[in-house]
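Chain residues, written in single-letter form:
2 protein chains.
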Amino acid sequence: MIPFAAPVRDFRFVLEELLEHGSLALPGFEEASPDLVEAVLEEAARLANEVWAPLNASGDRQGCRRRDGGGVTLPDGFIEAYRAYAEGGWNGIGVSEALGGQGLPEVVASAVQEMLHGANMALGLCPMLTAGAIEALAHHGSDALKETYLPRLIEGSWTGTMNLTEPQAGSDLSRVRTRAVPCPDEEGDHYRLFGQKIFITWGEHDAAENILHLVLARTPDAPEGNRGISLFLVPKYLEPGSPVGADGSLGERNDVVCASIEHKLGIHGSPTCTLSFGEHDGAIGYLVGEEGRGLNHMFTMMNEARHKVGVQGIGVAERACQHAFAYALDRVQGKARGSEATISEHLDVRRMLLSMRARTDALRALALYCAAQLDVARHAADDAERAAAQARVEVLIPVVKAFSTDQAVEIASLGVQVHGGMGYIEETGAAQLLRDARIAPIYEGTNGIQALDLAGRKLQRDGGAALTSLIDDVEATTQALAANPALAGLARCLAAGVADLRAALVLVLEQGTDPESGPDAVQAYATPFLALVGHVLCAWQMGRAALVASAAVEAGSDDPFYAAKLQSADFAIRQWLPVGRAQRAVIEAGMESLAAFDAAAR
Amino acid sequence: MIPFAAPVRDFRFVLEELLEHGSLALPGFEEASPDLVEAVLEEAARLANEVWAPLNASGDRQGCRRRDGGGVTLPDGFIEAYRAYAEGGWNGIGVSEALGGQGLPEVVASAVQEMLHGANMALGLCPMLTAGAIEALAHHGSDALKETYLPRLIEGSWTGTMNLTEPQAGSDLSRVRTRAVPCPDEEGDHYRLFGQKIFITWGEHDAAENILHLVLARTPDAPEGNRGISLFLVPKYLEPGSPVGADGSLGERNDVVCASIEHKLGIHGSPTCTLSFGEHDGAIGYLVGEEGRGLNHMFTMMNEARHKVGVQGIGVAERACQHAFAYALDRVQGKARGSEATISEHLDVRRMLLSMRARTDALRALALYCAAQLDVARHAADDAERAAAQARVEVLIPVVKAFSTDQAVEIASLGVQVHGGMGYIEETGAAQLLRDARIAPIYEGTNGIQALDLAGRKLQRDGGAALTSLIDDVEATTQALAANPALAGLARCLAAGVADLRAALVLVLEQGTDPESGPDAVQAYATPFLALVGHVLCAWQMGRAALVASAAVEAGSDDPFYAAKLQSADFAIRQWLPVGRAQRAVIEAGMESLAAFDAAAR
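Same order as they appear, the protein sequences are chains R and Y.
If you're matching positions, the first sequence starts at 1 in the UniProt record's numbering and goes up one per residue.
If you're matching positions, the second sequence starts at 1 in the UniProt record's numbering and goes up one per residue.
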């Protein structure tokens, strides 16, 4: 088995040298020092490498089993590994101190998340979902709900889930049918829920004492569509003293049960449940936030969840890199320059390896840049600074989610290819990474939905202002690169990408405001546009990395890390960016064939 | 379950309208009429749709099991489905009448292969390997071997395997260590083989009475490297009257046994075996062709096997299209133009559907064009015509193999994406297609090996002449398109692709002959170059399709097939080709970062 080594060196490079620890200078992070961050990264790496990573393959092989009665048995070791995480206090590292967390910057929390997902994505989903529940409750829950439930979620002794999807309601949540009936004749301020939710990640398990389900449901007489949907908290076990059931007994076990678990392509260690609410008297639930605003409340939280899914993709991509490099450095086939060689010596294999490495580096840098902007948006003293960062975050998040996960699938697939025939054998481990990665472009809003969010919503509402401001920063980087003769080639390539992106932006904005074609038309351009943005922003980050690495080399550093980073940057900008730039031509080609296309015609 | 419907209409379009049944006009195909071809396609579709396709999902779920003693149990129904194929005479359709086959053109045989692989790729591998054994024996076997073994292979009552790979010898077959010892002191002209072969497709099963293993092995005192390797035929069961074993008994069961089968990402219905030769007295084998020329003999046959793997990828891509279209036309989510809509109405989903369809159409047209050139290369009366076609085939085959299979993985992955969350659930069937497709870029020479074969070998040895002649034909198509005002936009896009390809070809040829960088340097350019060639040739075929479809529409046809084909062509040329064209920029960027890259550095 290939051991996992969380890429602490690269995290430190991005946090310290690319982002210059900007988050630590913000109000609220006075306690966090570079030394503390370094210690946190080292400690998280230990948990990831030594506790979580060794269970990744066995968890995939064993998978989860539903027991009679509705319980779910996790793969061996998962309960202990989750508890090691919770007892280490990791669940609260990004949660504010006011709520009982450790209040570390989002950049640091994101780095830790990536390590854990790289070590064991299926297990990493459990705290990822809990983080969503914490967000939802912290932002929208009543004081009573927060007091009762938040501390246990933050310490990780209880976990959370998100219950959105129903068989007829996936990307279109306006179709949710689960009912929530208020119970004025019963003691307490609660509802009873009836309905079925599908695809509930970590919906049932024994790793925590209790599970808190956040559930979208419809109140009686609520209007059709989005505005009739509210958000409810439905605990698996009710608190002592909670409302009693119709039969008079204390309702300790709530009326929610795992009806089945899915047999999936990957993430076998993560139980994906169908939850049945209200097979008897109704599952007791508490309203979170305002009635009728459930979707809004859910979306507050989803923005961050989407960032986390992007980070998850990067974690898996990192592990795919490590597998592929280890194999290529060990496997002897053919000759290079006349003598026996490992396949890492063959230029065509090097292309695959460097492509994997350069892309993973670039995606990581962009995701952490976005996390740093999240820190600014929340913590900067200046209102305008916060607003500007928030505007960037809004544009960046769909890109981080969709682009990172699409690329992660490609990187994991390349990882399989590097292994040749061994890559297709499950025991090797490369195939699992491809299977696991393949969910990330789908859940938490498909990548198509992300593209529509970017091109149809985020760009149109500010006329592209936030993206244009980002592009201006990319252009500044091209100028800095151009000032260094050794990097002038990169400057030219990146500048060409900037020009393409500006031209494409004009077209996409025109589409969105064209009264003839209507607002739907922009949908046709959304996916190629997001891909172009992703390529240019990743190339930008690698351009910045090249500046830093080049300066280090010029200053006399002989750390091979910098030489490798320069190669990554060169590849990302010269050989990867051109593929993204092609999306301008795709956008300019017009979309007549899509508009005319009748899928039923043939 | 989504039923499979072999795309007979599109095969007829390509064979009749794009290729104008050119193969039927060749000497040797006098018996084959368009009516006969049509009947063959319809009958093959029935076998594919009704017998093979229904076993695809169950075969994946059940997989193969190795029994104690070395036997392998296939999934339920596979034996019967294979026998229906063999008894229908399908195994011999592409084999010459002189050898007992039906002597139909390769274009027709390829169409039938695609249908069967689309229906059930795991099962399709069995006859695919047998076809390789037939080729090897027909070209290189002695008359005695041919007489004894060919008829049973052609009728399909016996099957064949290819035994190349050993743990230390994959892409680099010079490392083969299996030994073949001549036995002059025993009766008959045979060898005894000792060694282990891995990744042997359909290496053991009960669907046929006997299995003929074609095995690469080294004779005693043979030189190191490629020239020491010979090819042997090792039957699972010896013929009555064959040499007796050392213990004096009749060696009816040969000394070759299935030691294990692999647990793979996909094609679970295809047993991938480790075969152990000579655990006792040695497996009796017969030399095929000349001693020391085993690799050459194997490669004769491999060219065709590579074409078949490309076709296999297209079959799986076709099935992925059918799954995705069926789901998208059924699944209601969101609104389009103000009212409830199936997701096929959303432009972003249409992009995925049309991208899948356009690419599959294009790949099919190119693969069948290549098959038609194979027919010309073998059957044309004129020597020069045969030689020119053979030269094209040599260039086209690595493209058909690598480009079709890389694209098939992407198409199958898009198919998963169209299904949203359901795509990740194994029962849906979309994920299986991705898992199955993923082997095709690996086996029968990895796609990296194909790219090296094209850029490093095929192009360099004729200075790009055969490819240039193909590009000239593409250019002729751009002129035909330009003559039709409705298609002039396609003409411009295709012409731009031609210009890129010509420029890239110059660069790649320079690399191959540059004494400074040495012959290895071209490896760095091989994969992007193959991708560029694939995109341009596929766009070419769709340009030709657009000409035909446009003429049909102008002539008053209201067959929706032609309108759909025009949309496919428009998408392929305007929206898919630009992504391929980007490879010119990749190639022009130079490969310094690859040359400098040290995979061990970080």
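Hints were generated in silico from the structure; no laboratory data involved.
Heads up, a few of these hints could be off.
Here are some, though not all, of the chain Y residues that point toward chain R, as calculated from beta-carbon distances under 8 angstroms [to be verified]:
1) Gly101
2) Asp172
3) Gly448
4) Leu452
Fair warning: this is a prediction, and the values are worked out from it, not measured in the lab.
Just so it is clear, CB atoms sit at the ideal spot from N, CA and C, and this is done for glycine as well.
Right, here's what the structure says about each hint:
With a cut of 8 angstroms, the hint placing Gly101 of chain Y at the interface with chain R is violated, because the nearest CB-to-CB distance is about 31 angstroms. Residue-level restraint check for Asp172 of chain Y holds (minimum Cβ-Cβ distance to chain R is 4 angstroms; threshold 8 angstroms). Among the interface hints, the one on Gly448 of chain Y holds; its C-beta lies about 4 angstroms from the nearest C-beta in chain R, closer than the 8 angstroms criterion. Restraint check, Leu452 of chain Y versus chain R: the minimum CB separation of about 6 angstroms is within 8 angstroms; hint holds.
Of the numbered hints listed earlier, the single one contradicted by the structure is hint 1.
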